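Asks: Chains A and B, in that order, are what the protein sequence lines are. Numbered per our numbering, the first sequence spans residues 27 to 125. Numbered per our numbering, the second sequence spans residues 712 to 1184.
Worth flagging that the hints you see were computed from the coordinates, not collected in a lab. Model, not experiment: these values are computed from the prediction. A hint or two may mislead.
To be verified - Which bits of chain B does chain A cover? Going by a derived footprint, with three or more residues having C-beta under 8 Å, they are: (1) 1001-1014; (2) 1074-1087.
As the list claims (entries may be wrong) - Here are the simulated distance ranges between beta carbons: (3) A/A105 to B/E734: 32 to 40 Å; (4) A/R92 to B/D953: 22 to 30 Å; (5) B/Q1045 to A/K66: 32 to 40 Å; (6) A/N102 to B/Q1045: 22 to 30 Å.
Claimed, not checked - In silico DMTMM-like cross-links for lysine to aspartate or glutamate, where the CA-CA straight-line distance does not exceed 25 Å: (7) B/K1085 to A/D71; (8) A/K28 to A/D65; (9) B/K767 to B/D810; (10) B/K1119 to A/E47.
For glycine and all other residues, C-beta sits at the position ideal for the given N, C-alpha and C.
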Amino acid sequence: MKITEQEVRRVAELANLALTEDEIVRMTQDMDGILSHIDKLSELDTTNVEPMSQVLYDAEETATLRADVERKPLGNADALANAPVSGQGYFKVPLVIEK
Amino acid sequence: MTVDSIRADLLAKKTSAEEIAREALRFAEAENPKTNAYLTFAPERALAAARAVDQKIAAGEEPGPLAGVPIAIKDVILTRGLRTTCASRMLETYIPPYDATAVIRIEQAGGVIIGKTNCDEFAMGSSNENSAFGPVRNPVALDRVPGGSSGGSAAVIAQGTAVLSLGSDTGGSIRQPASFCGVTGVTPTYGRVSRYGLTAFASSLDHIGPFSRTVRDSARLLQVMAGRDQMDSTSAVAPVPDYVAELNGNIRGMKIGVPKEFFDGLASDTGDVIQAAIQTLQKLGCEIREIRLPHTPYAVGCYYIICTAEASSNLARYDGVRYTRRSEAAGTLQEMYRKTRDEGFGAECKRRIMLGTYVLSAGYYDAYYLKAQKVRALVARDYAQAFGQVDAIVGPVSPHPAFKLGEKVDDPTSMYLSDIYTVTGDLAGIPCMSVPGGKTPDGLPVGLQILANHFNETTMFRVADAFEQVSSD
């Protein structure tokens, strides 16, 4: 096995997912399947290969910078329009710090 | 109907954009129960856009290159004031506060957006069975999948319920459904079309691209969308050529590469269609050369590390605070995050978030993410070397034609492996497309994939157009 149920539980915590017991069992099998395939990458010697983190093209360094001029922002009402709970111009969340 | 035929009819006053829009909406709504390809219709927006086109024509003004053309938009692309769900319970009621740049450019060009199309949840899937609002059925064979993730956008073209549509492609999500539904689908060079307003799945791989009946129509739609956008710092500054003007039908003497690796694991019914298509290109005067893309067998593993890692970061924003859904069961802040995400995301999204979180977690970064970025460089290098010898590359899109609904849902690894011929183009960031190549003995469409070098959409379109001219049924 490439991954254990215990590791899957730890990853679920990191990812902020509340998985059920059934989901944990199934997830372990599924992740094991794809991780076993991914193992194939270790066949390749990549010692002197530069990682490709972005698709970039030849352009001047500043070519992608916009002019530094004022732009109208989205606005408070539009930004909050999809909030499940909001008030007084803010997103509201459950109490974080007790008084 | 095509972009050109609509334009001709409008300018000749044979019909009006409003009439076309009303008929398109009526027909699309009537036909939709067969396929479930549309999630939302936009009658008010469509009619307003159509009337604006009619007014311009009446005033003798240029109505724009997409004047009066009914267009459907994949529901991962934001439309201001028009519900955009990403086919997820998480965003079931989300109303975007702004338009994607591609949407703005389409409407400025006179295009008429008639609705939003179904897809795999957050564009994750190869069959459209991961939609929270039910799968899409393939119009060619209703018991089969349309492909994914842009299944709805391919289906509306095959069904004739839109003339153009927009999809998004991260690992094959435009080309594979185009192949399965027998339509044309284009993944442009990475950065050619702004991603502003495309809901982020894997930012270094995501593209917006067109679907259409004809190559010419896809070229017209790309023309309108392509070009630098200040709202997307990865959008390319390279000048945009006139794609349609370059469609001269002449591909004589062009060197076409056929990668040996694209024929490993290929179903025989698909392989026969692709071989016949290659012979057609040869008859058109192309010089066919066998080439090697030796890192292809590593591409799926590489892709599923990079795309899940990026997805796990991008989908962290759906936490119950800003985007419509919050779990009713939430007591503490932590519970709110977890329960909202557990209730809002479907199984495939959770699988990818989990895999992505795992490969980025402490101690695994070098073994997985960094390794995958290096393998990505090798895949890109394969293409760079190949384009030193050939002008374009052709091959299959998918190892098999459209499969039956439910046939593969229980085996995610096997579903991932079927992306083998499409992920390499995305990893390298090159333009690639699927054009109808022919049919299997069972009558299922098979797409011919055509790939070209960065920003060489012109060559890709020219090959596709010349092939289409001799292969149309």
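Asks: Let me make sure I understand: some of the numbered hints might not hold for this structure. Which ones are they, in numerical order?
Replies: none
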